[in-house]
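If you're matching them up, the sequences are chains A and B in order.
Position in the first sequence counted from 1, then plus 4, gives you this note's numbering.
Position in the second sequence counted from 1, then plus 4, gives you this note's numbering.
These are calculated hints, taken from the structure and not from any lab test.
Ideal placement from N, C-alpha and C gives every residue a C-beta, glycine not left out.
Incorrect hints may have been included.
Using 20 Å as the maximum straight-line C-alpha spacing, the simulated EDC-like pairs for lysine to aspartate or glutamate come out as follows [claimed, not checked]:
1) A/K278 - B/D127
2) B/K278 - A/D175
3) A/K136 - A/E238
4) A/K278 - A/D175
5) B/K278 - B/D127
6) B/K136 - B/D107
7) B/K278 - A/D154
8) B/K278 - A/D67
9) B/K278 - A/E157
10) B/K136 - B/D67
11) A/K278 - B/D228
12) A/K278 - A/D107
13) A/K278 - B/E129
14) A/K278 - B/D175
15) B/K278 - B/E129
16) B/K136 - B/D228
17) B/K136 - B/E169
18) A/K136 - A/E169
19) A/K136 - A/D279
20) A/K136 - A/D107
21) B/K278 - B/E157
22) A/K136 - A/D264
A short list of chain A residues far from chain B (calculated; beta carbon distances all over 12 Å) [what the hints assert, rightly or not]:
23) A70
24) L71
25) G77
26) L165
27) D175
28) D255
What the simulated footprint calls covered on chain A by chain B, stretch by stretch (three residues with Cβ under 8 Å from a Cβ of chain B suffice, anywhere in the stretch; the number is not a length) [to be verified]:
29) 58-65
30) 127-136
31) 221-229
32) 239-247
33) 259-272
Here's the letter readout for the chains.
There are 2 protein chains.
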Amino acid sequence: MTETGNPVPTHPFDAAVALTPRGGDRFAGHTHPAYGNMVGPFGGITAATLLRAAQQHPDRLGDPLALTVNFAGPVADGPFEVTATPLRTNRSTQHFALTLTQDGAVRTTGTAVFGTGRTTWTDTEAVAPDVKAPEDVPVRPSPGHVAFTDNYEIRFVEGALPDGETAGQADSTTTLWMRDRPVRPLDHAALAALADVFYPRVLLRTGRFVPAGTVSLTTYFHADAARLAAQGDEPVLGRARAGGFGNGFFDQSARLWARDGALLATSHQWVYFKD
Amino acid sequence: MTETGNPVPTHPFDAAVALTPRGGDRFAGHTHPAYGNMVGPFGGITAATLLRAAQQHPDRLGDPLALTVNFAGPVADGPFEVTATPLRTNRSTQHFALTLTQDGAVRTTGTAVFGTGRTTWTDTEAVAPDVKAPEDVPVRPSPGHVAFTDNYEIRFVEGALPDGETAGQADSTTTLWMRDRPVRPLDHAALAALADVFYPRVLLRTGRFVPAGTVSLTTYFHADAARLAAQGDEPVLGRARAGGFGNGFFDQSARLWARDGALLATSHQWVYFKD
């Protein structure tokens, strides 16, 4: 039994977002093969890693409220450095600037807002769609072409990834149940990654595997730590849809709910595509 | 006739977002009384000013695609400095980090993505609502309690600002026609400001003027320069709605269309409130 050093994370998600403090605002990380995408890591795991850096900052205040991550350049397999710089700390909110660099070149930029919530009036206008329980929806077989999808248990209610033989459809909506595989209690970093699980909507519209990738991703965290603790490792209901396509880009928005209809997160992204 | 120096901007919007290059990534600006809000300037004019800094950067590539602005602390009336730092420039996209500082303290943080578009497949799923033409909707009288609203010609189709005597309503949707007043040809900076014209949705839901303010604002620019040129100074149709309220915060999303239904921008924000 080894008693020195940090415990080795047993879940692949925790291994993938693990960071070693290098002092001050700097953290060292390494890409994880389990979260590989077509080129470099899954964007969701990069977003989660930047958020985790801010969470680990010694001066961190409260919980994540808003996260923006811009995918500026490809992240190569290997080590990277993350900076999470608290540019301003108020009484109940804190603002971070975020970067991920490799070999001195910026690969990812971003900002995060942290803060402490208060008990207030609560209401959800974005009501969860009325769909089958996750137990009644089959788990998607792994599509196999990229590694990271094996780390998510996905149950498509509608709008599954095209199989290359179906025509495009008129509406880009995907509704699904999802959670980490193996199961893992939900936290803000895992929620940040889940928000990016929806594949690019242009694939569903065109029915073709056109090149597409997230340029900018923004997630708002409605769930506080107590709400996440109540969620545990239960499936999360998600729905995503695009707004408009043109000039080589489109936007898509997603909402994530707990089984009881509580809104956990809302997320938006700007995506590049080729047709 | 004076022939020295820069021409003095004649429209208050141009005066408010005017910046003087201080070399490299630094620009000097000054708040404008015409865009004052309850405390400090209207958030939309601050967002437009940060975008304008990136636009004026000598190394700037292409047009704005995505802008995130975080309102970290109050901006006081007076001079300020903006930094727009291009952290990465690719062949067709460029990523800026943004800050606004006063007296050495960061007041606003952000990021911007610029790029060059290509002609691609175009489609709008977020279809413009079928509403009366702007000529058939009366212009709102100025509410008068804050300066900046006088610079916008607003025609509420539904969801007008509560008058303090009406009850809250069950749905937070506001639909309106809007443009700069006096009229001014639309550009990306003015569009960034228009995206923040919608007042906090919690006012509409509660029917009360509770304290509320934007914490983080993200806007995606669907309109390229050619589309904006076609828009000219015509009214823009906008619709905004909240997703979920709780823990002292809520999210709201807005879409902005041209009269012919072209999607010009989509915008999202995370808002603090007290009840």
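Consistency of the hints with the structure:
1. Under the criterion of a C-alpha separation no larger than 20 Å, the hint pairing A/K278 with B/D127 is consistent with the structure, at around 14 Å.
2. Annotation: proposed proximity of B/K278 to A/D175 is violated, straight-line Cα distance about 38 Å (limit 20 Å).
3. A distance of roughly 15 Å separates the Cα atoms of A/K136 and A/E238; the hinted pair therefore holds under the 20 Å criterion.
4. For the hint linking A/K278 to A/D175, the alpha-carbon distance of about 19 Å falls within 20 Å, and the restraint holds.
5. Taking the CA atoms of B/K278 and B/D127, the gap is near 39 Å; set against the 20 Å cutoff, the hint is violated.
6. Restraint check: the Cα-Cα separation between B/K136 and B/D107 comes to about 48 Å, which exceeds 20 Å; the hinted pair is violated.
7. Restraint check for B/K278 and A/D154: not satisfied, since their Cα atoms lie roughly 43 Å apart, outside the 20 Å limit.
8. Restraint check for B/K278 and A/D67: satisfied, since their Cα atoms lie roughly 18 Å apart, inside the 20 Å limit.
9. Using a Cα cut-off of 20 Å, the hinted pair B/K278 and A/E157 is violated, with the two alpha carbons roughly 38 Å apart.
10. A C-alpha spacing of about 32 Å is found between B/K136 and B/D67, which places the hinted pair above 20 Å, so the restraint is violated.
11. For the given pair, A/K278 sits about 17 Å from B/D228 by alpha-carbon distance, which is consistent with the 20 Å threshold.
12. About 29 Å separates the Cα atoms of A/K278 and A/D107, which puts this hinted pair outside 20 Å; it is violated.
13. With a C-alpha separation of about 18 Å, the suggested pair A/K278 and B/E129 falls inside the 20 Å cut-off, and the hint holds.
14. Restraint check for A/K278 and B/D175: the C-alpha separation of about 38 Å exceeds 20 Å, so the hint is violated.
15. Between B/K278 and B/E129 the CA atoms are separated by roughly 35 Å; this puts the pair beyond 20 Å, and the hint is violated.
16. Of the supplied pair hints, the one linking B/K136 and B/D228 is violated, its CA atoms being roughly 26 Å apart against a limit of 20 Å.
17. Of the pairs offered as hints, the one joining B/K136 and B/E169 is violated, with about 26 Å between alpha carbons and a cut-off of 20 Å exceeded.
18. With a C-alpha separation of about 26 Å, the suggested pairing of A/K136 with A/E169 is violated against the 20 Å cut-off.
19. For the hint pairing A/K136 with A/D279, the CA-to-CA distance comes to about 34 Å; that exceeds 20 Å, so the pair is violated.
20. Distance check on the hinted pair: A/K136 and A/D107 sit about 48 Å apart at the alpha-carbon level, beyond 20 Å; violated.
21. Simply put, B/K278 and B/E157 have alpha-carbon atoms about 29 Å apart, too far for the 20 Å limit, and the pair is violated.
22. The hinted pair formed by A/K136 and A/D264 meets the criterion: a straight-line CA distance of about 13 Å does not exceed 20 Å.
23. At roughly 4 Å, the least C-beta separation between A/A70 and chain B is not larger than 12 Å, which violates its mark as non-interface.
24. Its beta-carbon lying about 9 Å from the closest one in chain B, A/L71 breaks the requirement of being farther than 12 Å from that chain.
25. The Cβ of A/G77 does not lie farther than 12 Å from every Cβ of chain B; its closest approach is about 6 Å, which violates its non-interface assignment.
26. The beta carbon of A/L165 sits about 18 Å from the closest Cβ of chain B, which is more than 12 Å, so the claim that it is off the interface holds.
27. Residue placement check: A/D175 does not keep its beta carbon more than 12 Å from all beta carbons of chain B (closest about 7 Å).
28. Annotated as non-interface, A/D255 brings its C-beta within 12 Å of a C-beta of chain B; the closest such distance is 5 Å.
29. Chain B is given as covering the segment 58-65 of chain A, and this is violated because 0 residues of the stretch bring a CB closer than 8 Å to a CB of that chain, at least three being needed.
30. With 4 residues bearing a CB less than 8 Å from a CB of chain B, the segment 127-136 of chain A meets the requirement of three and the coverage assertion stands.
31. Coverage of the segment 221-229 of chain A by chain B holds. Counting CB-CB distances below 8 Å, 4 residues qualify, and the rule asks for three or more.
32. By the rule of at least three residues with a Cβ nearer than 8 Å to a Cβ of chain B, the coverage given for the segment 239-247 of chain A holds, with 3 such residues.
33. Using a Cβ-Cβ cut-off of 8 Å, 4 residues of the segment 259-272 of chain A lie near chain B, which meets the minimum of three, so the contact claim holds.
The structure fails hints 2, 5, 6, 7, 9, 10, 12, 14, 15, 16, 17, 18, 19, 20, 21, 23, 24, 25, 27, 28, 29 (numbered hints given earlier, in ascending order).
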